[in-house]
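Asks: Here's the letter readout for the chains.
There are 2 protein chains.
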Amino acid sequence: MAVARNKPLNSEEFEPKLGQVSSIEVGCLNDHVGYFVRRLQVFVFNDFIKTLSPLDIRPGQYAVLVVISANAGRSQADIGRALNIERAGLAKMLHGLERRGWVQRLPAIKDGRTNSLFLTPDGNVALRKIRKLAARHEARMTQVLGKSNRDQLIKLLSGRVELMTTPV
Amino acid sequence: MAVARNKPLNSEEFEPKLGQVSSIEVGCLNDHVGYFVRRLQVFVFNDFIKTLSPLDIRPGQYAVLVVISANAGRSQADIGRALNIERAGLAKMLHGLERRGWVQRLPAIKDGRTNSLFLTPDGNVALRKIRKLAARHEARMTQVLGKSNRDQLIKLLSGRVELMTTPV
DNA sequence: TCGGAATGTTGTCACTAACAACATTTTGGG
DNA sequence: CCCAAAATGTTGTTAGTGACAACATTCCGA
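In order, the protein sequence lines correspond to chains A and B. Heads up: the first sequence begins at 88 in the numbering used here, then just goes up one per residue. Heads up: the second sequence begins at 88 in the numbering used here, then just goes up one per residue.
Treat the hints loosely; a few may be bogus.
It does not matter which identical chain is used: a pair holds within one copy or between any two.
[As the list claims (entries may be wrong)] Derived DSSO-like pairs (lysine-lysine); straight-line CA-CA distance at most 30 Å: (1) Lys137 - Lys234; (2) Lys197 - Lys234; (3) Lys197 - Lys216; (4) Lys234 - Lys219; (5) Lys137 - Lys197; (6) Lys179 - Lys137; (7) Lys242 - Lys137; (8) Lys197 - Lys219.
Read the hints as simulated data drawn from the structure, not as lab findings.
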């Protein structure tokens, strides 16, 4: 690309404090909920992915397995609505979970358009192991955030998920 | 792919309540901070992107502009560290911001490896408009979450960003 | 009965994150 | 002073994700 480099510049006059070079301000980002929520989210997800990596489970897959387990027989549309996952994306994810022998799709007799989703026996066994690792992840989050903060966070957001569907 | 469909199934026995089909439980997801934080993050980002769409600014670009503005002359490594953005990704993003005439890269004289980053006059003008829309976005978040919840959320997470760098 | 709506599937596209590889430059220990 | 190691910026590649369109099938209500 060969970007033309401008003339050099003595950065001394712009470095606020010599010897204190590591201090840097994020300015008005401190007034944005999204800034903190974003940083927290990638932090939590990274830990989840790393903790669950022995079982090769990602957060979305975990959520889908849990919701199927708690709502056996529901349709893909139901599961997708509950987790705000788009139809197409959920279909592909379920394809993977079915290939691993954890999820079974049965055509519902009441509505020929829908599939009824179930966990297979293997799926239940796997989910037990998965929950153990997920609990370990959650324990670390509690430790890092502090139990009080973590509990407050959950209480703040509980029941407000419906507001967080697509539109505003 | 032609997945073999199993025999149909009467879903009646699996639907907990007839006529109450819309109720669905997310089970133990309610005990996971990550679940709520993820949903909130998607919601907040969607609103930010939509609100800032007239200026074609994404959250990451906004953060970089703000931090450059608050720390004129710092290197890419400094900015990247502050926002936890990887070197390669930041280089590409800055390329775009430079092409739009908002950011200027000057080679630092003190350290031939680093670029000193600045907002151009155009960049400052643009950032003023961007901040206006960002404030509108933040106002809507405050309204949706409730001012008390929003303030608590920020207080909870303020100063804890350092814990959310890569490792745990 | 018929047209619109819902459901599931596939394919495509754009965006992102993460990693590797490289050139340049600084730094620190001998 | 010199050279190996580290830091910085850049480019390219890759996998993963999300959003969207298009389609076939099925249900539903006027």
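Asks: Each of the hints needs a verdict: does it hold here or not?
Replies: Taking the hints in turn, this is what the structure says about them:
no. : hint            : verdict
1   : Lys137 - Lys234 : within (21 Å within a copy, 35 Å between copies)
2   : Lys197 - Lys234 : neither (46 Å within a copy, 46 Å between copies)
3   : Lys197 - Lys216 : neither (34 Å within a copy, 55 Å between copies)
4   : Lys234 - Lys219 : within (19 Å within a copy, 36 Å between copies)
5   : Lys137 - Lys197 : neither (41 Å within a copy, 40 Å between copies)
6   : Lys179 - Lys137 : both (23 Å within a copy, 27 Å between copies)
7   : Lys242 - Lys137 : both (26 Å within a copy, 28 Å between copies)
8   : Lys197 - Lys219 : neither (36 Å within a copy, 52 Å between copies)
Violated hints, listed in ascending order, are 2, 3, 5, 8; each of the other numbered hints is respected by the structure.
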